[in-house]
Amino acid sequence: TKMSKIFTPTNQIRLTNVAVVRMKKGGKRFEIACYRNKVVSWRNNIETDIDEVLQTHTVFTNVSKGQVAKKEDLIKAFGKDDQTDVCKEILTKGELQVSDKERQSQFELLFKDIATTVADKCVNPETKRPYPVSMIEKAMKDAHISYYYTFGIPLMQALDVIPLLKATMPLERAQMKIRAVLSGRDARKLRDKVAKLATSLESEDWDGGKLNLVCLIDPGHYREVDEIVRSETKGHGLLELMSLKEVTEGEELLE
Amino acid sequence: MRLLNPQKLNELQRNPNRVRNICILAHVDHGKTTLADSLVATNGIISPKMAGKLRYMDSRKDEQERGITMKSSSIALLHNKGGEEYLVNLIDSPGHVDFASEVSTAVRLCDGAVVVVDVVEGVCPQTQAALKQAWLENIRPVLVLNKMDRLILEMKLSPLDAYVHLTQILEQVNAVMGELFTSEVLGRTVPEKSQSQIDPDKASSLLYDWSAGLEDADDSHLYFSPDQGNVIFASAVDGWGFGIEHFAKLYADKLGVNEKVLQKTLWGDFYLHGKTKRVMKGAQEKAKKPLFVQFALENLWAVYDTVVIRKEKDKLQKIADSLNIKLTVRDMRHTDGKVQLQALCGQWLPLAKTLLDMVCTKLPAPCEITEEKAEKLMCSATERFDSLPSDTQKLKSVFMACSSDEDAPVIVFISKMFPMERRCLPQYRSHPLTAAEIAERREKTRLQHAQRLAQSETPFSVEGCGDYVNPGTHLLSSGDQMKIEEQKEQEQNDADAFIAFARVFSGTIKKGQELYVLGPKHEPQSALEKLESGEVINPDLTLKDLKSGQHITRVKIDQLYLLMGRELETLDSVPAGNVFGIGGLEEHVLKSATLSSTVACPAFTELAQVVVPIVRVAVEPTHAQDMAALVRGLRLLNQADACVQVIVQETGEHVLVTAGEVHLQRCLDDLRERYAKVAINASEPIVPFRETVVVPPTVDMVNEAIQDQNTASKDGDKENAGEVITLSTSNKHSTIKIRAAPLPTEVTSLLEVHADLLKAVDKHIHSEAGQQNSEMFEDSLSESQMVLTERTLKAIETLKEKLKDAFSSAGDEWKCAESQIWSVGPRRCGPNILLNRIPAYDHPSVWQRLRGSDRRLEYDSSFVNGFQLATLAGPLCEEPMMGVCFIVEDWTLAEETQLDHPSSRETTSSSQPYGPFSGQIMSAVKEGCRKAFQARPQRLMAAMYSCNIQVNAEALGKMYAVLGRRHGRVLHGDMQEGSSTFTVTAVLPVVESFEFAPEIRKQTSGLASPQLVFSHWEVIDIDPFWTPHTEEEYLHYGEKADSGNRARRYMDAVRRRKGLAVQEKLVEFAEKQRTLSKNK
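These protein sequence lines map, in sequence, to chains W and F. Numbering-wise (my numbering), the first sequence opens with residue 57 and increments by one. Numbering-wise (my numbering), the second sequence opens with residue 10 and increments by one.
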């Protein structure tokens, strides 16, 4: 037994193809040994064969040292001692050591997510049609932008990406269409304020001191416009969102 | 230029009797362009030595590289036939199936066709297609049996064997003609039959009538036969060709036989009696040489034998002398026998002369247009000629007259627009300067010089002069302007000009004339009415200003051209009966149009489309900023190619739809180099699929019967329990019970074939629903709408009958289904049915208009829309469904009061948490349909190509291997008589067809050449979600089915392309991963 304490490269057993899932429960640490790149699939219900996920149906306290968890500890923490059941619980709830391919696929997913969000939010200003996602993806790659897959939600990153992409291609945020009904003495003053924020005015109707204004605004200005209309008219004004994004819809046969 | 001077040309053009408009049609590689070469050579445009090698009509770079023609192009040739001069407008057309649309554009402008057949390969699919097209357009064909040299040198047939082979080929061709003829005659008798049904007494004689039509009709004129002078035996590559009259003339004197007798007997089972020197019948019986063998073929064989095979030069000289042919010393010295052969045969049996003589005598002049053709041009098959307005009907006589008088109305048909580099146009071409021009230039430079001098002097004189305008700045700015203009001109020169490929049917078109441009959808009836009501057509309108419903613009004719293959010559006017080009119509014509001086002229019927565009790719610019250039390029491409479609999808993708792989390649090349001039990425081809459900299979994947609980539960209504989906709308006010079932195949195909008809029915019912005046109209279809023609109504009736038959033969389950059809989808004309089996819901079937007082009718359209949405995108991979029937078992609405409450929803949207009720029904139906679909065994359907492969016997096995690997299936393979080639007909999934042609060519060392045409949809009989579950399947496939599931693979590929979630494991086999860590 003393021999095994000597730590030389020859008798060092490396854990290969192993991903450890840990869980702390009842003040004890439990671990299970899984195959790499399989745990996420299990959690997403894509892999249904437990034997393709678990290396062994054994609960450890330390996988790399090969220390198996005691039965009484299991009962104390989980209320059961069936190894497979406990393994399954740890699999779904434990902290996971993300493997290479899983990380890569997560990154790709995020990248795709950002691209889809950008494609969804922006249009080609010449045609008022969205760009295909594949084109946005390519432009993002060409622009050498870095993304943080642990950091920030895709939407926020997408909003950061848009100005960078504008440098390489004609691109702009799809405009929101709003209708503002303003009345009272300040109507004219307010109209100017709103018009300043709008990219274009679609229609403007004065009806006895009551203004009906339809305009396109950048979605980033929506809150501001909302604020203006609400606070300065003291509730008399009305702001209505007519469409979230103005894009040309439907298939079209090019002629 | 050349042999054609403008006066003579004009003279010829004015006389329609001396004009021939012909096109060359054939299967790919049967020698159309080579044949055209030798014709072109007669006019001195290319050297006769180069004829057959140059392929003059293939002006595109890729055409030359690939060796196939990709577009139809025209050339005007002068031919002198026995002192009479003719103008022949020759149109060369492509033979590859991908460019079949180009053939249609060519055929439309012609009066006659030269059909070329390779004597070794015989009648091929495109030969049949060409003959059919010529038939449909009522143009008369003549036949050229090409590549005779291959019989001699390649197949090494004896003259007698060759004769037998030739008769067989001729029979094949005539069989095709006969088939076309019978099908038309039968088609013609059908309407007569329905008329005679009025009289019941005649019914007994009906059976007889059918065949009588066939027997009465005279068909002798339509077959090809050498003794009628409409067949030529030729070798275009060696430049010779002959009809039998050549030899008849030659031997009539020698043998002392009447030339006319010889003409009749030279082809056929006749022989020359040795002693009596008389022509006798029955050569075959008496084992004698037929005349054709003795006099024509044996001579030819002898020539080939001496010149090409044995290379006896002294003998060659002897032959030449006996034929009165002079060979140049240079030819005689040549070591290549082929050159001498060409020199000899070219003079002995000149191909071009023979062919053009035949064209001039056998093919009709433009003024000989038949009544039938005139009618066919003017109205499509679904309408009746009598239904056209009377003004239009009068134009028929104008067509027939083909007059180029001043007062004859001008009628011009444009069949396509083709691009031409602007600097190739005659008005931009550099030409030698005249003396006056030179003088003018000299004057200009002298002036400039003087000005420059004055300018250099000014600094001394200007000082202090207040009102003096510095001429220098003025000069400079004008110079700048000139530079800019030059630049602009340069740019314009780089851009392509579009030339309209057109023919005058009546009147004379002149430069500066103002004409109406009638779009393909133009209807004389409504246009005339509009004109009467005082509407004026604005002369400034162009195509893009037109609103829907408007199809007329006005244009001033700017440029007229004579088409000379790669070049154009300007013309001032073109009289009736000629093929020519018009410049400057880009803004007025999209793909085809009619030009006329009267609005009463109908739009010419649409070109018969032979190919279904099936290959789709998404295109995008490599650099995002080039998007605008790409869109502009796509527009131009669309204009130039009749068969291309460009669709802008909702996602912003530009999808290019083309006929096949070769066509796609050409389109992409054109985009890159010609129209968009930017780098372009094309996606992988997007292949369409269909989704369907099937009856639960009775055998598993290893053909073992499935015998578990499925069969046990068959009895009783348990069967339906799992399949009926019950669904409520989100606000629980409505409940739907729905079930999916596979439609009988006959029904599906009926619906598919009659999609246009269904669309018409739907359009008509909808248009009426708009003006809902339910008391005014009766609901029965025949009375409700006068716009639908008699014929369409009849077609609807027959469709109903056929559906009834199909349903009743499909079993009890489908009893009376035809009257329960609620809707068809997707897009209201597809091959899926929504069936109304709701108890006590009296809904009229799809054939009738909505009517009644059921409360549910209010939401009827939402219900149908839900179904339409569901069928448009199935749950497997969002592809349209096909052959699925959704049976609605029940549909309940909550009490009136509950429903009424939400009807006030419009004002306060917040009180309606689930949105409008109609929308809820729509989504519930859609969801229900999808779930019902998923409850049944689901299958993918793949589009199938049918392909015809000509393959040599030794390459047959390899070809089968390639087909097998791509999941193709051989339908039949026949050996061609007298050769070692097999003609194999196979079907192949479109999705597996990419790179098929190159692969099969590689595998068989170029011995097989496939042609792919879309044929039908076929169910892939594998469940996309299949995994082994019976014992036998485990044994056969293992636990994981590692052989891969084809349907699954297709499905996942589509899903991935569309950005849908794909159920895919990162790693399939956990144990098989690389087991070492990276740093070890």
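These are calculated hints, taken from the structure and not from any lab test. Note that the coordinates shown come from a computational prediction; the quantities given were computed from them, not determined experimentally. Incorrect hints may appear among the rest.
Some but not every residue of chain W turned toward chain F, in silico, with C-beta under 8 Å [unchecked claim]:
1. K94
2. K157
3. P181
4. E182
5. M191
6. M196
7. M212
8. A223
9. P226
10. E308
In the DSSO-like style, the derived pairs of lysine-lysine whose C-alpha atoms are separated by at most 30 Å in a straight line are [unchecked claim]:
11. W:K144 with F:K686
12. F:K556 with W:K149
13. W:K194 with F:K1067
14. W:K157 with F:K1074
15. F:K556 with W:K233
16. F:K1067 with W:K121
17. W:K184 with F:K1074
18. F:K1081 with W:K168
The C-beta atom is built at its ideal place from N, Cα and C for all residues, glycine as well.
- prompt: Which hints, by number, does the structure contradict?
  reply: 3, 6, 7, 8, 11, 12, 16, 17
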